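Chain R is already provided as a structure; the job is to place chain C on it using the hints.
Quick mapping for you: the protein sequence lines, in order, are chains R and C.
Quick note: this note's numbering has the first sequence finishing at residue 602, numbered continuously throughout.
Quick note: this note's numbering has the second sequence finishing at residue 176, numbered continuously throughout.
Keep in mind that the hints are not guaranteed to be accurate.
[What the hints assert, rightly or not] Beta-carbon label-pair distances, calculated as ranges:
id, chain 1, residue 1, chain 2, residue 2, range
1, C, A99, R, N592, 42 to 52 angstroms
2, C, P28, R, S210, 56 to 66 angstroms
3, C, P28, R, R288, 39 to 49 angstroms
4, C, G142, R, S212, 45 to 55 angstroms
5, C, D45, R, D336, 40 to 50 angstroms
6, C, D45, R, Q523, 14 to 24 angstroms
7, R, S524, C, K98, 25 to 35 angstroms
8, C, P28, R, D299, 45 to 55 angstroms
9, C, P28, R, K370, 44 to 54 angstroms
Honestly, the hints are just simulated from the structure, not real lab data.
Everything numeric in this text was worked out from a predicted model, so none of it was measured.
Where is the CB? At the ideal position from N, CA and C, for every residue including glycine.
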Amino acid sequence: MNPSARMALPAFLCACIGAVLPIHAVSAPVPGCAEAYQPSLADSWDLSRESWDAECGKGHLPEEILSRAKTAFMAACQERFAKAAKVSIPDDRTVRERCAEGRPGERRLMEDFGAPLQGPLPQNTGKVMSGKPTQGVVELNGVFEGGVPSEGLVHRMFTGAVQRSQLQVGEPYPGTPVASAQDTALLGVDASLRTPGLRINSNIPMAAASDSAPLDPTEIARYIRIEPGKKPVVGWEAIRNSLGLIGVGGLLPSITQEELLARNVLKKLQESEEGRRVLRAVIEEARRAGKTVTVKAEDYDGTSVLVSRGVESLHGTRGEAHTQSFAYSFNRGFTDFKDSETALQTMAGNMGHEFWHMVWDHRNERNLPKYAKALDYDLSNEKSARMKGYLIALELNSGKANDYTDETRGVLTGGDQYFERMKTWHPYYSLQLNRADMADPLAAYQRTLKALKASLASEQKTLAEWVPRRRIELSHMEGTHGLTPKLTELHEEVESKAGKLPHDIEQSNQSIRRVTERIALLQSPKGGALLQSFQAAAKDPEYGKLEAAFQRDKDKLAALAKKKSLPTAVPTPGQLDWKEFDELVAKDKKENPDHWGTSDAK
Amino acid sequence: MRNSLLAAALLWTAATAGWAAPKEFPMPTRSESVSELFRCVVPEDWRSEAKPAPDRGIRYTDESMAIEVIRYGLKDSKYPTPERFLESLRTGGVKLDKAGAVLVSGQDGMSYRRQYKIGGGDGPVGRTEWIFEEYVVLPQKGSFWVLKFESPSPVHQSEPEGADLWRRFLKGFRLG
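Just chain R, same shape as in the assembly (with noise of 0.2 angstroms):
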């Protein structure tokens, strides 16, 4: 063991060198030492009650017992692991990283690396108690070899339910107290493991992590980075004071205004419990995966912002995610609305959504390896990701109404037919599945193109008959009886509908070619991979976990929903909708019959 990197170690491992640096002299039992027990150890850590009380009664404080009981985990599990691992083998890093998670840590590693864990671990005999605490001293070098560790790491390594210590880079949180000088001396804090303004506090008792608690700026920006835009902020002050985005440092000249908006929407993911959660998610996948999210803005064609009924919306695509490489790119179009709280809700939703995607993933390429085939078509991939958007969106609406908000609406309302529906929507949907699907996907194919062809029909029936009938509609009535000014939104609406229904057409029909391939191999021998595939997941319970998950968050965006009641378009004033347009339509034909033809406005 280096003594240098033994001097690093921060004060609540001191109980892993109390061999070498004693603590305090160990006697009676600590007041409040067995409260301080909690059942959870028992899983975590493989530490009993029997044994915590054990400790307890020869006087050893309770990080210390905890410590110790990690410690020889970590050793334990990295001998079991070593006995059952198979296949690919991890790096030793790995295996100290999953050791150090504990048992939940341990599973992991046994199930991606090893043979699965059957049953409970061994019960603790006082073994645990009895490890070597030199030996913890050397697992944790080990985990720190090669520069500093990141947070997350520290974070998992040093967390238990009884205590958890606050790890952080800069300057600490309001409040917080800062290490002792004692602690300090202690901990020696080695050269080699301390980064500028890095703080080590310990000692203060917390409640295990939340996944909804707040992340630390800091780890956002290690881990999230944000490109450089092309867009040039003009009028710094007005724009930062609109977006209430406080000040870093003062002015940022060099900053774009894609920039901008992009940190001010990771800053309103915070304010979200929903988006902490994800954010939290992609983080550790990113971290996993060795990677960094990045952001940045691109241009999509045929984009506009348009307000209709009080709503401003983009028209375009909103973001993608390309999961593997960890980025995200939004539509720069976000940077023209004029309202920079319903751009920064929508954004904020369709960031989460898009990092949702990465999450599910990674996070399950890595836990249901064996169903690869299934996950690539399963759709509770983008229908979790349209629940994570819908929440955060809901969560960060305050009270005016905007896109997701509205979709929310069509979600709640259209019930599972919605996610029916939405396999007809695009060549990509078209061939994922429920996991109902799954036990039969021959059917399952067979009823999706059934319903893509009566799209298709329906499609090529509006842009042959109902936008030529409208534009006829709208033209007499506008010309004959001077409506124009309160038709705009619905002229806009046909023309929308006109430029886009082609595009529509040609995706039914790639939807219904894709279709058709899909269920002639299905149907073919060289189909059996994919179809046994689809058929274990539908039977695994474990791979049920995914659509139970979609099904909490579904629930949980009703109640919120409920709670919170979804705002509605404002009608924009003086604009018809097609209910009143109809009705002047009927009257028009019923008093001026002279005005229109079998089918047509003279």
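Only chain C this time, still in chain R's reference frame:
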């Protein structure tokens, strides 16, 4: 799950002899009698799917339009009264319009309509659809039946696709 539902539907649904389809259906039809609870006529190629307890019923669909027949108000029903059922349709602020009385199975039912948008985003991936729904509520001995028609469309519709078929379905529907 789906298999068991379909099996239940097959057991529960049996074709009856002697029940003639109304002539005005524009496509081949089949007659259905559900546990002697109701009889109806649906397009021949529509699939049927049983709705599980507590509010049992059946959904007929061509994978685009759909007609459902569900009985509520019995023990453990999700909606013990028509009022509670109608309230559930207004979730999220969707407007529900009263569309007047309609004669179904020899009695006056009340019909309601709503139309709402689903999907969103008009980009390459985005798609918006309108779902038109009409409900007919028919009271019967401490319970009530809900007959529902749904029809999707790329645009808002004053007369939805399949409305004619729905009216014919109502004309041919018989309780008991």
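Exercise. Which hint numbers doesn't this structure obey?
Worked result: 1, 3, 7
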